[in-house]
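Protein chains: 2
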Amino acid sequence: MANNNSATSTAQLRLASLSAQLDTTAPRDPVTEILETSLPPVRLHADALSALLDGQDQTWRKWTFEQLKHPLFEYQYNVPKEELVTRNQERTRHLAKLGFRPTWTEPKDNIDKDKFMQIQDALSYFDNGLSTLNGAHFGLYYGSIRELGSEAVQNKWLPLADTFEVPGCFALTELGHGSNPRGIETEAHWDFKEGCYIINTPNTTAQKYWIGAAAETAYMSVVWAQLYIPHPTDPSHPPSHKGIHAFLVPIRDLTTRSPLPGVTIRNCGSKSGLNGVDNGRLWFDHVKVPRHMCLDKYGGVNEQGVYESFFGDNNDQRFGGQLVNLSEGRVGLSISSDNISKTALTIAVRYGLTRRQFGARQVGELETLIMDYKLHQRRLYPLLAQTYAQHFAARAIARLRDADKTDLKLLKQFHVISSGLKSLHTWHLLDTLQATREACGGQGLKSSNRIGQMKADCDVMATYEGDNQVMLITVAKGCINDYKPTRIPPLANFTSQHFSDSTLLSPKFQLDLFQHHIHASAHRLHAAIDLSRAQAKAQGTPNIGLDKILDTHSALSQEFARAVIEHWILSEFIAQETLSSSSTSGTGSSPLTLMRQLHALWKLDMDQNIIRRRYLDEPVQERIRDLVGGLLHRVHENITPLVDAFGVPDHLLGPIAGDWVQANVAEGSEDI
Amino acid sequence: MANNNSATSTAQLRLASLSAQLDTTAPRDPVTEILETSLPPVRLHADALSALLDGQDQTWRKWTFEQLKHPLFEYQYNVPKEELVTRNQERTRHLAKLGFRPTWTEPKDNIDKDKFMQIQDALSYFDNGLSTLNGAHFGLYYGSIRELGSEAVQNKWLPLADTFEVPGCFALTELGHGSNPRGIETEAHWDFKEGCYIINTPNTTAQKYWIGAAAETAYMSVVWAQLYIPHPTDPSHPPSHKGIHAFLVPIRDLTTRSPLPGVTIRNCGSKSGLNGVDNGRLWFDHVKVPRHMCLDKYGGVNEQGVYESFFGDNNDQRFGGQLVNLSEGRVGLSISSDNISKTALTIAVRYGLTRRQFGARQVGELETLIMDYKLHQRRLYPLLAQTYAQHFAARAIARLRDADKTDLKLLKQFHVISSGLKSLHTWHLLDTLQATREACGGQGLKSSNRIGQMKADCDVMATYEGDNQVMLITVAKGCINDYKPTRIPPLANFTSQHFSDSTLLSPKFQLDLFQHHIHASAHRLHAAIDLSRAQAKAQGTPNIGLDKILDTHSALSQEFARAVIEHWILSEFIAQETLSSSSTSGTGSSPLTLMRQLHALWKLDMDQNIIRRRYLDEPVQERIRDLVGGLLHRVHENITPLVDAFGVPDHLLGPIAGDWVQANVAEGSEDI
Ligand SMILES: Cc1cc2nc3c(=O)[nH]c(=O)nc-3n(C[C@H](O)[C@H](O)[C@H](O)COP(=O)(O)OP(=O)(O)OC[C@H]3O[C@@H](n4cnc5c(N)ncnc54)[C@H](O)[C@@H]3O)c2cc1C
Ligand SMILES: Cc1cc2nc3c(=O)[nH]c(=O)nc-3n(C[C@H](O)[C@H](O)[C@H](O)COP(=O)(O)OP(=O)(O)OC[C@H]3O[C@@H](n4cnc5c(N)ncnc54)[C@H](O)[C@@H]3O)c2cc1C
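So the protein sequences, as listed, match chains A and B. Numbering-wise (our numbering), the first sequence opens with residue 1 and increments by one. Numbering-wise (our numbering), the second sequence opens with residue 1 and increments by one.
Honestly, the hints are just simulated from the structure, not real lab data. Among the hints, a few may not be true.
When chains are identical, the list treats them as one kind, so a pair holds in a single copy or across two.
In silico lysine-lysine, DSS-like type, Cα no more than 27 Å apart, as pairs [what the hints assert, rightly or not]:
(1) 477 / 374
(2) 115 / 548
(3) 288 / 484
(4) 193 / 508
(5) 537 / 374
(6) 242 / 477
(7) 484 / 69
(8) 548 / 374
(9) 156 / 374
(10) 374 / 484
(11) 115 / 62
(12) 193 / 69
(13) 374 / 193
(14) 115 / 193
Turn these sequences into a full structure, and let the hints steer you where they fit.
In structure tokens:
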């Protein structure tokens, strides 16, 4: 420790307080001393920071924010869901007319990537219902045709999808099959005589369920089904099961909008949020689908009527290959989560800087700003720091997405990390929305102030495109063998060491500790796995699967998975901090350094998984808490530019982020 | 520890796994061993347990649940808030006709307390909007008249309120003044000439805000205002400020329903939940209020035109005395929170016992029940145990409410503990709703399955009747002097002790540790307070207030407040367990014992505040985690009766708690 006398053991605190009563030199609390010695002031310009976050050129971002001032984008509350759905369709069509396309809908070589990234990114601040509808149509539906469809199918259907003239949906999930899509029951039988596929819903649990845009909006659907090929000549022979394939199936008449023959459509009904998306249920009664409408890049019946597949007989790998779009969707969810967190934090912090409560001695005297309460700072600023950290992690995984797709190791890393990030980013969003909602008191519930509404609309993010808990199982399963016992370095020893403040604040120490935490949790998990295997063997059931074992040790599995992803986030943050510090100058510490220090030390101070492991001695642990106190103070000094740098425009923030007294005058403000 | 060899140090786990490969005796994991040696099976009958929870005679409870089958109580979704409000008015009127009155509306000596407790309790399972409307009218409005009004006022207005013929509201909060109602700006000036009070809203921040039932429903309002008495003869003399008083003010014409002259009413607008309650905003423009309409039990202008008060000049104490109703409301919130947690847990557990996902080797094979995953159990069962614990705490605070009101020490304890319980119970509810929502996957969002809707409607519980964070400040402030350094016993030493399983599972050990945690946090907080005081003194600002100091050490303050309340909850639970064990017989452990053990050990294993303090040695801490594993196993064996005992009837549970496949057939289930 920098100065051993500054340890906050209670004995020393008492001593300090006693001696203060004896002489006149002021006793100083550890946080005051830290601010003077270990934490230099921060040099911060919101514009420069904003450029670090979102790039120097933000033309298209700003353009999009301008478009959102169109009356079509006024927020609506207290309207039936049918109206929200219609409005969302209009908004999507309007944007498509303006030239909006998500990145992946552009021809690969002729693309102003940055433009489309900016537009997409900017939209996500606005409304998760609109993002989700766009994601279902442009991401899942359009993306599947583009990734898996033949050229003819693409040439016919993509232009119609481009303009949202013929909206589509993506029908994988069934009533009985969500997290485990491999269990779906919808069937596609190849019919030799007719030369087409026949799609059928065999029972109630096989109905397609939750299909975004299916209830009202979509004319077309990408339908996932188990493919069966009958024996070409012997009808008594059981058909050959080829696993899951995707089919492009018209579900509504293009002129009458009625369901087509053989197709039954129902609404999933009212939801506690996201009612701007019409989720539907679909049944198929022996619907004939022409051969070319199978999205058969990786497998299907060829012109000769013979099934052939890039993956041969490996049904499981084929399905994985077909679903690469879903991983891309997860990256999108991480980015939107962060943007919505930024919006909520901007609202709550701005309100905290204008809202006063308590602290006056008499009626009429100015009360204390709630943002000046340390308790309020502790509630919001660590979330702010984590949002900064995640911002760079989401950008990094997006770069990994765009990297070489033939590198299988990279692909696997992309799949695993994007799954893990999706969990932590969306959970962080839900935590942030709850904390900011409460931080705004009753105002947080008022729809026009957005936070309550965002809570309702974003809750689903923990579930769709992969349930968060299941995603962390994916991470544990996907990574545990990268940390084979033999490859785990001997455990570092952090205890009984006295670290100076500058060490505790340094990227190296923080990253080392996060890394150590991965190794230590991998170590414990391996030991537990070995024990379970040995036990199973002794009991004569040696074929126990890894899934089962990981579940038996679910606390350890989840701890390990989180450790891997938290480390990834911190290391990407540090990489960015290093990059940016070489490009900026001036004295004092940089805002990214401040955010990274708070983010990492807050975890070391508060993360239940980390503190239970006692990697650090108690005095060091106490010193970390004091450092956190100092960092929160520095954040508070700079809080306005720190949230301004997010660049969320005023029209997306709601009245409490601005002049909320004026917004509440009696005249003309009825029922907002 | 019972058996030292069973410690799960990684070295030992490795050894066990290695030796298993060498001989044929099965290695056993610590949880298996714990189940055989330390945790006897549980004897459990849902009915007996239900009687323990809710009493032997549940006639009125069952009666109420029956009433809720009336079509008027069908859940409505996707309807405008105006319709929800009208429906809630109808429901309240209907119940009033059936004879429903909350406990406190009955004449004190002539009351079937148990009857009204049961009815009130049963209602809270149904809908928080209806509870809140009833709470605003019968609790806050009615209660204020009854507690503070003259006999004449009571005789006139209570009968009209009884039947909900003349609904009323309670107008304390203002746009500018929420958590700190002492800062309200609405003014009441005594007018000597006219012999009445004149109520006025001096500016925009003084508008009454969030007033439940004010926007549409209420004819009357209890309006809180700063009372000023002018000098009887000298108009140039500044008026004398008497602090806050309550006035019964008609706000709408009883026949036309229009706002009365001088009263402006606006709607607070759409909210992210609880839209069945019409929250409104009120302005008063020099509205005359007759002398007798001041609710002046503790202070007001007498017939001679002279101000007199039970509390003399102590404005602050007078306000506290007048607000005792709010504390009663907090008890009600704790009870409802627990009931809603029970409902959500029942839904999620029943779904978990019918929902299958993963684990089949081929399409069509039965998958694993999600409730069989240990990960899923870890997510839900500790919340179940805490709900059991809280159930008894809420009952205990209700008994304290009914105790002798002249005992000032008891009254203070009631105020402080009810504030703290309100925070922890409502936060527990929000955690439970989030966890159960996610545990049901997408189905958790479907309005008809209730959880998502309850989330939206209950979010406000963390804010109204006292913001949770502010409530914990109240606890810290109210209790820290009960733990004066001189009165704190020398800290017990738990470290370096090896506890047997039976000790770790015992009520005594668990309560001792919770108690120790209070003392240890009080100790740290006192040291910090002393330091701050000494520092302030040395800096020449010795008058620093306790509020400010507690905020400076906000982490310690909140830790201390939580410790006090958690200990209260555990000790009430243990008291009940002891009582009930003497009245039951049979072998095996009792369900309350199981729930208490899991509740307490889960906190010792997971509570961030406790584990960071390292009260226990690491091997003991690891053993506790293993014991938790064993307890979760025992809970799983008994999970059906454990939730059945809550007695939430099927019609309040939604389709996923029952036959959700049948509820989703294509025919007749459109848009549920
Ligand atoms: C609003 C909305 C829109 C959607 N849009 C679409 C769409 O357009 N197209 C589409 O195809 N699908 C869509 N979905 C479906 C979505 O992808 C699924 O909801 C998601 O995959 C989760 O499946 P589930 O809801 O069936 O939950 P389940 O899989 O039933 O999960 C329930 C619970 O079980 C737990 N669980 C499951 N497996 C395990 C395990 N092995 N171990 C421990 N716990 C486990 C989970 O953690 C979860 O808490 C949408 C869903 C919603 C709610
Ligand atoms: C739906 C609804 C119904 C209601 N019904 C009624 C009603 O019928 N009648 C009525 O009179 N009122 C009613 N209320 C008002 C309710 O009691 C207030 O909302 C509540 O007291 C909180 O006040 P606030 O919303 O102004 O939040 P604020 O007091 O502004 O609090 C905002 C934030 O500041 C924080 N904060 C405040 N003080 C401190 C501090 N000292 N230290 C640290 N942090 C602090 C809080 O923790 C909170 O997070 C209702 C409110 C709602 C939302």
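Status of each hint after checking the structure:
In this assembly of identical chains, residue 477 and residue 374 lie within 27 Å of each other by CA distance solely across copies; the values are 16 Å between and 41 Å within a copy. For the identical chains of this complex, residue 115 and residue 548 are neighbours neither inside a copy (46 Å) nor across copies (50 Å), given an alpha-carbon limit of 27 Å. Taking identical chains as interchangeable, the C-alpha atoms of residue 288 and residue 484 are never at most 27 Å apart, the minima being 50 Å within one chain and 81 Å between chains. In this homomeric assembly, residue 193 and residue 508 never come within 27 Å of each other (Cα to Cα): the closest approach is 68 Å inside a single copy and 78 Å across copies.
Taking the shortest Cα distances, residue 537 and residue 374 sit within 27 Å of each other only across copies (21 Å), while inside one copy they are farther apart (55 Å). In this homomeric assembly, residue 242 and residue 477 come within 27 Å of each other (Cα to Cα) only inside a single copy, at 26 Å, whereas the closest approach across copies is 68 Å. Taking the closest pair of Cα atoms, residue 484 and residue 69 never come within 27 Å of each other, the shortest separation being 54 Å inside a single copy and 59 Å across copies. Taking the shortest alpha-carbon separations for residue 548 and residue 374, only the inter-copy value of 10 Å comes in at or below 27 Å, while the best intra-copy value is 45 Å.
Proximity of residue 156 to residue 374 under the C-alpha cut-off of 27 Å is found in neither arrangement, the shortest distances being 60 Å within a copy and 49 Å between copies. In this assembly of identical chains, residue 374 and residue 484 lie within 27 Å of each other by CA distance solely across copies; the values are 24 Å between and 44 Å within a copy. Taking the closest pair of Cα atoms, residue 115 and residue 62 come within 27 Å of each other only inside a single copy of the chain (11 Å); across copies the shortest separation is 63 Å, beyond that limit. In this assembly of identical chains, the alpha carbons of residue 193 and residue 69 never lie at most 27 Å apart, being 56 Å within a copy and 56 Å across copies at closest.
For the identical chains of this complex, residue 374 and residue 193 are neighbours neither inside a copy (75 Å) nor across copies (50 Å), given an alpha-carbon limit of 27 Å. Taking the shortest Cα distances, residue 115 and residue 193 never come within 27 Å of each other, neither inside one copy (50 Å) nor across copies (73 Å).
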